[in-house]
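Generate coordinates for the entire structure from the input sequences, incorporating the hints supplied.
The first sequence runs 994 to 1430 under our numbering.
It is worth saying that the hints were derived from the structure and are not from the lab.
A couple of the hints might just be wrong.
What the hints assert, rightly or not - For lysine-lysine, the following DSSO-like pairs were computed, each having C-alpha atoms within a straight-line distance of at most 30 Å:
| # | residue 1 | residue 2 |
| --- | --- | --- |
| 1 | K1208 | K1193 |
| 2 | K1428 | K1416 |
| 3 | K1336 | K1309 |
| 4 | K1401 | K1342 |
| 5 | K1375 | K1336 |
| 6 | K1045 | K1078 |
| 7 | K1427 | K1403 |
| 8 | K1428 | K1337 |
| 9 | K1262 | K1045 |
| 10 | K1416 | K1367 |
| 11 | K1351 | K1401 |
| 12 | K1253 | K1309 |
| 13 | K1028 | K1057 |
| 14 | K1057 | K1078 |
| 15 | K1367 | K1401 |
| 16 | K1337 | K1427 |
| 17 | K1272 | K1057 |
What the hints assert, rightly or not - Computed beta-carbon distance windows for the label pairs:
| # | residue 1 | residue 2 | range |
| --- | --- | --- | --- |
| 18 | S1226 | E1344 | 51 to 61 Å |
| 19 | K1057 | E1241 | 13 to 23 Å |
| 20 | A1297 | S1070 | 47 to 57 Å |
| 21 | K1046 | A1297 | 44 to 54 Å |
| 22 | A1065 | E1296 | 41 to 51 Å |
| 23 | S1226 | G1386 | 45 to 55 Å |
| 24 | D1281 | D1094 | 50 to 60 Å |
| 25 | T1050 | N1244 | 30 to 40 Å |
| 26 | E1330 | K1309 | 15 to 25 Å |
For clarity, every value in this text was computed on a predicted model and none was experimentally measured.
Backbone N, C-alpha and C define an ideal beta-carbon position, used for all residues, glycine too.
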Amino acid sequence: MKNKIITRFAPSPTGTLHVGAARTALFNFLFSKQKNGEMILRIEDTDRERSKKEYETDILESLKWLGITHPAFFRQSERKEIYQKHIAALIRNGHAYVAEDSVIRFKNPNKKIIFTDLVRGDIIFDTTELHDFVIARNESDPLYHLAVVIDDYEMNVTHIIRGEDHVSNTPRQILIQEAIGAPRPLYIHIPLILSPDRSKLSKRHGAMSVLEYRKEGYLPEALINFMVLLGWSPQHGKDNNEVFSTEELINVFSIEGIQKSGAVFNIDKLKWINREHIKRLSRERLHDEIKPFLPLEAQNMSEASLAALIAILTEKIDVFGDIRGLYDAGELTYFWEQPAYEKKGLLWKNETDLSVVKKYLSELMSILSQVGEKEFTALRVKEGVWEYATEMGRGSVLWPFRFALSGKEKSSDPFAIAEVLGKEETLRRLEHAKKLI
RNA sequence: GGCCCCAUCGUCUAGCCUGGUCCAGGACGUGAGCUUUUCAAGCUCAAAACCCGGGUUCGAAUCCCGGUGGGGUCACCA
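Pasting the structure below:
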């Protein structure tokens, strides 16, 4: 119990949770989970001006969606007495004093601090340049550095995993630690996430909030998988796998695998990882996740048609939100509407004889009418039609088949479409094509 | 600018600690081909990197020094 590992994620509710902060939460979460410890969530809302309840809600909602759990939860705004006690002690012991501008300053011992960062090694810093820095607005109103040190101490935090932008904050926090008699935790500063131009990731570069990724139809486990690969890599050896479930990540995560330099956010890789996770989804989960993104028309489909449509859709998209684009581009209309087209479109390549096509369509209809309505799957349709198509020339038969169903130069194959349409509608469209000729 | 950190394909990275097996491996993306009724998917192949300069050494991506470049940070914000 004494050696229990405790990490913390300490966001300030001054904005929505972005990938950078979410990734910090993730590292804290993975590490604590792996070590059988726990991660504390601490809302750092000492700045009453900028802190907003709605942002706290956003942060909580984001973590919940990602599956980053936290057994303990605190708000700094509710810990005033604790800070008061420490501020008073600091002043009493001469470690701090009330300056003439009425704020409380730390009495800097002006010494060199050397601390160990688990990813960067020893870092030495002369704190003289910090002077007597301000640690509180008044006797009960601590500023960031003081509140952090007090809380990490009171909450028995053993490992501080945070962004690299905090390494220069560490020396002054250590100074405060020593003044209040707190033990020094272990530091792990993780590299920053950069935008494509290597500057700090900002909104205009696509530093979307976690919840925006949810809205766009990314899977939470995919976002997690992607984020962990930004600044960390598995100690592979046997394989080069990069696709991990969160559960697997808890097992393979390691401090040793953390990178020292910043990592550029690469949306293409995120999309690829998302696809990989979509492929790994169970049928039930896939249906649950994809349904909110399906167009209205899909809601009137039979269970079987819908399942077939989802199968087609999942191989065309990176993210569920892509379905919207397909829909808007008219790529899906033929699934619920008889397409309008010119009959010459039924001709494959440089063929010219429509009467032959009519013969193919008739034969297709007679073959398909023998397939049972319930067995009308892509596989069965293909099996039924394949021999005839091969005999007559696959392109010659299959092109008009597909075109009669979709009315498009480019679409999914006719077997898959037929399954979505069902036996009745498939035959109806073939008949429609015949009449057109 | 001061201080701190970092530096392998366009991007994410393996290798660096314990120098040779690295004319540098994997992944994304890109290009080509295969498959194929079209599209997508899938499969195969290809192009693509050790920041520069010294030093140590028989030998350096790996160790040392110096440049250069990039990032972070210098609030009564967190």
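Now for the hints, and whether the structure bears them out:
At roughly 24 Å between alpha-carbon atoms, K1208 and K1193 fall within 30 Å of each other, so this suggested pair holds. Distance check on the hinted pair: K1428 and K1416 sit about 18 Å apart at the alpha-carbon level, within 30 Å; holds. Distance hint between K1336 and K1309 is fulfilled; the C-alpha atoms sit about 28 Å from each other, no more than 30 Å. For the hint pairing K1401 with K1342, the CA-to-CA distance comes to about 14 Å; that is within 30 Å, so the pair holds.
Restraint check for K1375 and K1336: the C-alpha separation of about 24 Å stays at or below 30 Å, so the hint holds. A distance of roughly 26 Å separates the Cα atoms of K1045 and K1078; the hinted pair therefore holds under the 30 Å criterion. About 21 Å separates the Cα atoms of K1427 and K1403, which keeps this hinted pair within 30 Å; it holds. Pair hint K1428 plus K1337 holds up; C-alpha atoms about 13 Å apart against a cutoff of 30 Å.
Between K1262 and K1045, the direct Cα distance comes to roughly 33 Å. Violation of the 30 Å bound is thereby established for this hinted pair. Distance check on the hinted pair: K1416 and K1367 sit about 9 Å apart at the alpha-carbon level, within 30 Å; holds. Between K1351 and K1401 the CA atoms are separated by roughly 18 Å; this keeps the pair inside 30 Å, and the hint holds. Distance hint between K1253 and K1309 is unfulfilled; the C-alpha atoms sit about 37 Å from each other, more than 30 Å.
Among the hinted pairs, K1028 with K1057 is consistent with the structure: their alpha-carbon atoms are about 21 Å apart, no more than 30 Å. With a CA separation close to 34 Å, the supplied pair K1057 and K1078 exceeds the 30 Å bound. Straight-line distance between C-alpha atoms of K1367 and K1401 comes to about 27 Å, which keeps the hinted pair within the 30 Å bound. A distance of roughly 12 Å separates the Cα atoms of K1337 and K1427; the hinted pair therefore holds under the 30 Å criterion.
About 23 Å separates the Cα atoms of K1272 and K1057, which keeps this hinted pair within 30 Å; it holds. Distance hint for S1226 and E1344: a CB-CB separation of about 54 Å, consistent with the stated range 51 to 61 Å. The supplied range of 13 to 23 Å is met by K1057 and E1241, whose beta-carbon atoms lie about 21 Å from each other. In this structure, A1297 and S1070 meet the distance hint of 47 to 57 Å, their C-beta atoms being roughly 55 Å apart.
Evaluation of the 44 to 54 Å hint for K1046 and A1297 yields a pass: the beta carbon distance comes to about 47 Å. A beta carbon spacing of about 44 Å between A1065 and E1296 agrees with the range 41 to 51 Å that was offered as a hint. Checked against the hint of 45 to 55 Å, the pair S1226 and G1386 passes, with Cβ atoms roughly 51 Å apart. Checked against the hint of 50 to 60 Å, the pair D1281 and D1094 passes, with Cβ atoms roughly 58 Å apart.
Under the hint 30 to 40 Å, the C-beta atoms of T1050 and N1244, about 32 Å apart, fit the expected range. Between E1330 and K1309 the CB atoms are about 19 Å apart, so this pair conforms to the stated range of 15 to 25 Å.
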